[in-house]
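*Asks:* Spelled out from the first residue to the last, the chains are:
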Amino acid sequence: MDITPLDRNGMAAWCARDIPEGWLVNLGIGIPTLVADFVPADREVIFHAENGVIGVGPAPAPDAINPFLINASTTHVTLRTGGSYVHHADSFAIARGGHLDLCVLGAFEVAENGDIANWARSADEPVKQVGGAMDLAIGAQRLWVVMEHTTREGEPRIRQRCTYPLTAKGVVKRVYTNLAVLDLTAHGFVVRDMIPGMTLEALQERTEARLLSG
Amino acid sequence: MDITPLDRNGMAAWCARDIPEGWLVNLGIGIPTLVADFVPADREVIFHAENGVIGVGPAPAPDAINPFLINASTTHVTLRTGGSYVHHADSFAIARGGHLDLCVLGAFEVAENGDIANWARSADEPVKQVGGAMDLAIGAQRLWVVMEHTTREGEPRIRQRCTYPLTAKGVVKRVYTNLAVLDLTAHGFVVRDMIPGMTLEALQERTEARLLSG
Amino acid sequence: MTGDARQFTATVSTAADGRATLPRMIDKFVHSMADAMTGIADGSTILLGGFGDVGTPTALLDGLIQQGARDLTIVAVAGGRDGSAIEQLLSLGRVRKLICSFVRPASLSGRLLQRGDLEVEIIPQGTMAERMRAAGAGITGFYTPTGADTLLAEGRETREIGGRLCLLEYPLPGDVALIEAWSADRWGNLTYRDSAQNFNPVMAMAAKLTIAMTRNVAALGELAPETIVTPGIFVNRVLHVPL
Amino acid sequence: MTGDARQFTATVSTAADGRATLPRMIDKFVHSMADAMTGIADGSTILLGGFGDVGTPTALLDGLIQQGARDLTIVAVAGGRDGSAIEQLLSLGRVRKLICSFVRPASLSGRLLQRGDLEVEIIPQGTMAERMRAAGAGITGFYTPTGADTLLAEGRETREIGGRLCLLEYPLPGDVALIEAWSADRWGNLTYRDSAQNFNPVMAMAAKLTIAMTRNVAALGELAPETIVTPGIFVNRVLHVPL
Chain A
-4 MDITPLDRNG
6 MAAWCARDIP
16 EGWLVNLGIG
26 IPTLVADFVP
36 ADREVIFHAE
46 NGVIGVGPAP
56 APDAINPFLI
66 NASTTHVTLR
76 TGGSYVHHAD
86 SFAIARGGHL
96 DLCVLGAFEV
106 AENGDIANWA
116 RSADEPVKQV
126 GGAMDLAIGA
136 QRLWVVMEHT
146 TREGEPRIRQ
156 RCTYPLTAKG
166 VVKRVYTNLA
176 VLDLTAHGFV
186 VRDMIPGMTL
196 EALQERTEAR
206 LLSG
Chain B
-4 MDITPLDRNG
6 MAAWCARDIP
16 EGWLVNLGIG
26 IPTLVADFVP
36 ADREVIFHAE
46 NGVIGVGPAP
56 APDAINPFLI
66 NASTTHVTLR
76 TGGSYVHHAD
86 SFAIARGGHL
96 DLCVLGAFEV
106 AENGDIANWA
116 RSADEPVKQV
126 GGAMDLAIGA
136 QRLWVVMEHT
146 TREGEPRIRQ
156 RCTYPLTAKG
166 VVKRVYTNLA
176 VLDLTAHGFV
186 VRDMIPGMTL
196 EALQERTEAR
206 LLSG
Chain C
82 MTGDARQFTA
92 TVSTAADGRA
102 TLPRMIDKFV
112 HSMADAMTGI
122 ADGSTILLGG
132 FGDVGTPTAL
142 LDGLIQQGAR
152 DLTIVAVAGG
162 RDGSAIEQLL
172 SLGRVRKLIC
182 SFVRPASLSG
192 RLLQRGDLEV
202 EIIPQGTMAE
212 RMRAAGAGIT
222 GFYTPTGADT
232 LLAEGRETRE
242 IGGRLCLLEY
252 PLPGDVALIE
262 AWSADRWGNL
272 TYRDSAQNFN
282 PVMAMAAKLT
292 IAMTRNVAAL
302 GELAPETIVT
312 PGIFVNRVLH
322 VPL
Chain D
82 MTGDARQFTA
92 TVSTAADGRA
102 TLPRMIDKFV
112 HSMADAMTGI
122 ADGSTILLGG
132 FGDVGTPTAL
142 LDGLIQQGAR
152 DLTIVAVAGG
162 RDGSAIEQLL
172 SLGRVRKLIC
182 SFVRPASLSG
192 RLLQRGDLEV
202 EIIPQGTMAE
212 RMRAAGAGIT
222 GFYTPTGADT
232 LLAEGRETRE
242 IGGRLCLLEY
252 PLPGDVALIE
262 AWSADRWGNL
272 TYRDSAQNFN
282 PVMAMAAKLT
292 IAMTRNVAAL
302 GELAPETIVT
312 PGIFVNRVLH
322 VPL
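Residue numbers (our numbering), protein chains in the order written: chain A, -4 to 209; chain B, -4 to 209; chain C, 82 to 324; chain D, 82 to 324.
Hints listed in this document are in silico derivations from the structure and should not be mistaken for laboratory results. Among the hints, erroneous ones may be present.
[Unchecked claim] Restraint-style ranges between C-beta atoms, simulated for each label pair:
{"hint": "1", "chain 1": "D", "residue 1": "303", "chain 2": "B", "residue 2": "35", "range": "21 to 27 Å"}
{"hint": "2", "chain 1": "D", "residue 1": "300", "chain 2": "B", "residue 2": "158", "range": "50 to 56 Å"}
{"hint": "3", "chain 1": "D", "residue 1": "110", "chain 2": "C", "residue 2": "108", "range": "42 to 48 Å"}
{"hint": "4", "chain 1": "B", "residue 1": "109", "chain 2": "C", "residue 2": "120", "range": "48 to 54 Å"}
{"hint": "5", "chain 1": "C", "residue 1": "197", "chain 2": "A", "residue 2": "207", "range": "56 to 62 Å"}
{"hint": "6", "chain 1": "C", "residue 1": "148", "chain 2": "A", "residue 2": "150", "range": "39 to 45 Å"}
{"hint": "7", "chain 1": "D", "residue 1": "300", "chain 2": "B", "residue 2": "119", "range": "51 to 57 Å"}
{"hint": "8", "chain 1": "C", "residue 1": "244", "chain 2": "A", "residue 2": "61", "range": "46 to 52 Å"}
{"hint": "9", "chain 1": "A", "residue 1": "195", "chain 2": "C", "residue 2": "237", "range": "52 to 58 Å"}
{"hint": "10", "chain 1": "C", "residue 1": "187", "chain 2": "D", "residue 2": "240", "range": "39 to 45 Å"}
{"hint": "11", "chain 1": "C", "residue 1": "177", "chain 2": "A", "residue 2": "121", "range": "54 to 60 Å"}
{"hint": "12", "chain 1": "C", "residue 1": "120", "chain 2": "B", "residue 2": "150", "range": "53 to 59 Å"}
{"hint": "13", "chain 1": "C", "residue 1": "148", "chain 2": "B", "residue 2": "35", "range": "48 to 54 Å"}
Only a predicted model underlies this, so the values are computations on that prediction, with no experimental measurement involved. Ideal Cβ placement from N, Cα and C applies to all residues, glycine included.
Just chain A, with the same shape it has in the complex:
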């Protein structure tokens, strides 16, 4: 059986299904931002954006753009009924203070000790893209990562230990890739779901960390 890895929307949708009503959720830039598109509008999930929006709603109609309302990716959004605004220090108080039920970030690598690396490919890289990821990663109640299972060159991104500079230590709880969903437990990565046709053996071949069956 052929396997068809998920595309970006597929990964986002996979993640979206697992976000229960009532959670406060921050979505990082990139694929995580797409997650909101796959949460049904009638499911009350409150999305937080670092720039001080609590209750980010879907994109506006092209003729109804509010130029003063963007998300952390600087994309025009709407405010959900019940939403409100805070300034940047209070917005990160929400993140750092443990008020986010969930943060979903992209990453270069995650490791079986829960480490995440998502801001630089080497310690010497001059142009650093830290943004708010470190604050979000240490502060959220749960950190989920959405990323391709391997690099374009086929190198594993699910590692025993991260090889790139860390964003935070020991914080990752779950990973959605284009091939599988992995939970991080005290024993290491446990496979919770795989795309049709994928086997544990084939998945392990694409993974540096040891995988346990769920």
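Given chain A, put chains B, C and D in place with the hints provided.
*Replies:* Relative to chain A, chains B, C and D alone:
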């Protein structure tokens, strides 16, 4: 010539005259609170109260009391046009962050090194009345004190060194008493003003710290 | 064909988190005082909003007295005047420790303190507010000049920063915050009236379980976003107690 | 007779404070860009509000370019896209140092950084906001777990608090803050529109000289107290720049 020491209102009025338009001012409980009554209503001085009121206005008419609007002495007040509200952490950010042009406090003692003691008469006193005085004393651009020149027993309160537990060190800039106005300079207390009939010698007799003529 | 997770029937359950997986509208209103007070354990630290009589959740304090939790640590601006709900808690022997910025000698807390019958921790008022903000904001410690040159610093860690002696202060989190709002909607968004904010928004951030009483109920969306002071994400339960 | 200070003719002068002693209504509006920019010195640290294009005081940045101050330290969320006012400041060689949370490789700041032609300090975005709040709030230092386990902590002071490694962070004050508001009155009270608060209220607190451009002018009292986000006490100058 007889001397007539000022009463509480007299001390408050003496202090009030020296507060220029445009200052942000916190008035401590007791005599300092009276200072506001002697600032003409058309002089735009912005009074700050620790409970988050910026722009405290005069007392309301008895039939126009707003039960949700009090000052730090828990007295009903009004909000001046242009006034606003903040929560307690932001209110003390104003105090501690150096945004008050002036704080006026009562005291038990002040000393020629700028120390102030206003919350306990001994280290062993079980019931401690700290309140917000320590935050205000360290944070304001200027700390002025309004208090009786001596205790009821005639003991000096203008000291070489405070004998009571300190509120803050080296912060007092000016003292208004019922007898005189003293500025605290690098050389010590300088007499800026005295009530009619008072002489420097008579004032010195009632003062432990050395007084310089202004 | 592009992969699309919506085609899969298997769903990763989140029941392990102890959260309901069935969709359920957010509604933080509780409809009885008993429901509002459910689960407050003996030994809890209770953050108690208000300043004077303004913004003080008196009805919730009465509810706490009814509820029966004991051995409490109460965090409030002051030790309470005689006749206050704090005095009632104290007189019922339900308070193990009081954390506040001052105690009036002429009050039950003052008299208990003078007799050595009550543990009291006195904190400068601004430091108290900031310690609760730190708890809510994930700040694990901070330095302030407030109190550094005083008796309150005795035996504690200080540090000179920028030529100024500063005290190291730690967060002051609560198990429960009891606060009063002016208006609330079902998300728990709160507004306050005039000077009734005081400690309430800070305490809402700092407690694991924030219980608000509100004088008015608003439909979701009725409170203008720019007037919401406490976003509902900081609030767990709301009880309507009309004025 | 009770003593009454009003009977005395002698007044203690406050001229020593360098403040006018004549009554003068508070009016923070300035009426030209030149007046808005008066006194910004070479070597200043400039806090620059905004996030993306929202709440960014572009007109004031243009004014700063006209004004001519050099050797500046710019504090902003990011290093600026090509075509932004930050890029223009950089291309004119007016920036000595950039303090921000990220730099895009495909931008002038990214290219200067790669060539080693620009000093850049990268700070996690939340820490950056909190350091400015600390500056405004008189907090002389704080601990946070953010970044403590990363390269950004190298050579810096850490401390374990509650079993968690934390970094010691210091305040980040500005000489000048340039911010954008939606509406302002003569006291300098400010409101913001929708997500245009972002860094602006925090920077207003953190600078010695806060200069706001406002899209709208309100009479004093016209802004409802509960909608004022930045009290005028944090604002020194306001320039009306209609949308």
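*Asks:* Each of the hints needs a verdict: does it hold here or not?
*Replies:* Going through the hints against the structure:
1. Range check, residue 303/D to residue 35/B: Cβ separation about 24 Å, and the 21 to 27 Å hint holds.
2. Separation of residue 300/D from residue 158/B is about 53 Å and conforms to the stated range, judged on CB atoms against 50 to 56 Å.
3. Remark: the range hint 42 to 48 Å for residue 110/D to residue 108/C is upheld by a beta-carbon distance near 46 Å.
4. In this structure the supplied range 48 to 54 Å holds for residue 109/B paired with residue 120/C, their Cβ-Cβ distance being about 51 Å.
5. The beta-carbon spacing between residue 197/C and residue 207/A, approximately 58 Å, falls within the hinted interval of 56 to 62 Å.
6. The hint said 39 to 45 Å for the Cβ distance between residue 148/C and residue 150/A, and at roughly 58 Å that hint is violated.
7. As the Cβ distance of residue 300/D to residue 119/B is approximately 56 Å, the hint placing it in 51 to 57 Å holds.
8. Roughly 48 Å separates the CB atoms of residue 244/C and residue 61/A, a value that falls within the hinted 46 to 52 Å.
9. The hinted range of 52 to 58 Å is satisfied by residue 195/A and residue 237/C, whose Cβ atoms lie roughly 56 Å apart.
10. Residue 187/C and residue 240/D have their C-beta atoms about 43 Å apart, which keeps the hinted 39 to 45 Å range intact.
11. Judged by the Cβ atoms, the range 54 to 60 Å given for residue 177/C and residue 121/A holds: they are separated by roughly 56 Å.
12. Distance hint for residue 120/C and residue 150/B: a CB-CB separation of about 55 Å, consistent with the stated range 53 to 59 Å.
13. Judged by the Cβ atoms, the range 48 to 54 Å given for residue 148/C and residue 35/B holds: they are separated by roughly 52 Å.
Violated hints amount to a single one, hint 6; each of the other numbered hints is respected by the structure.
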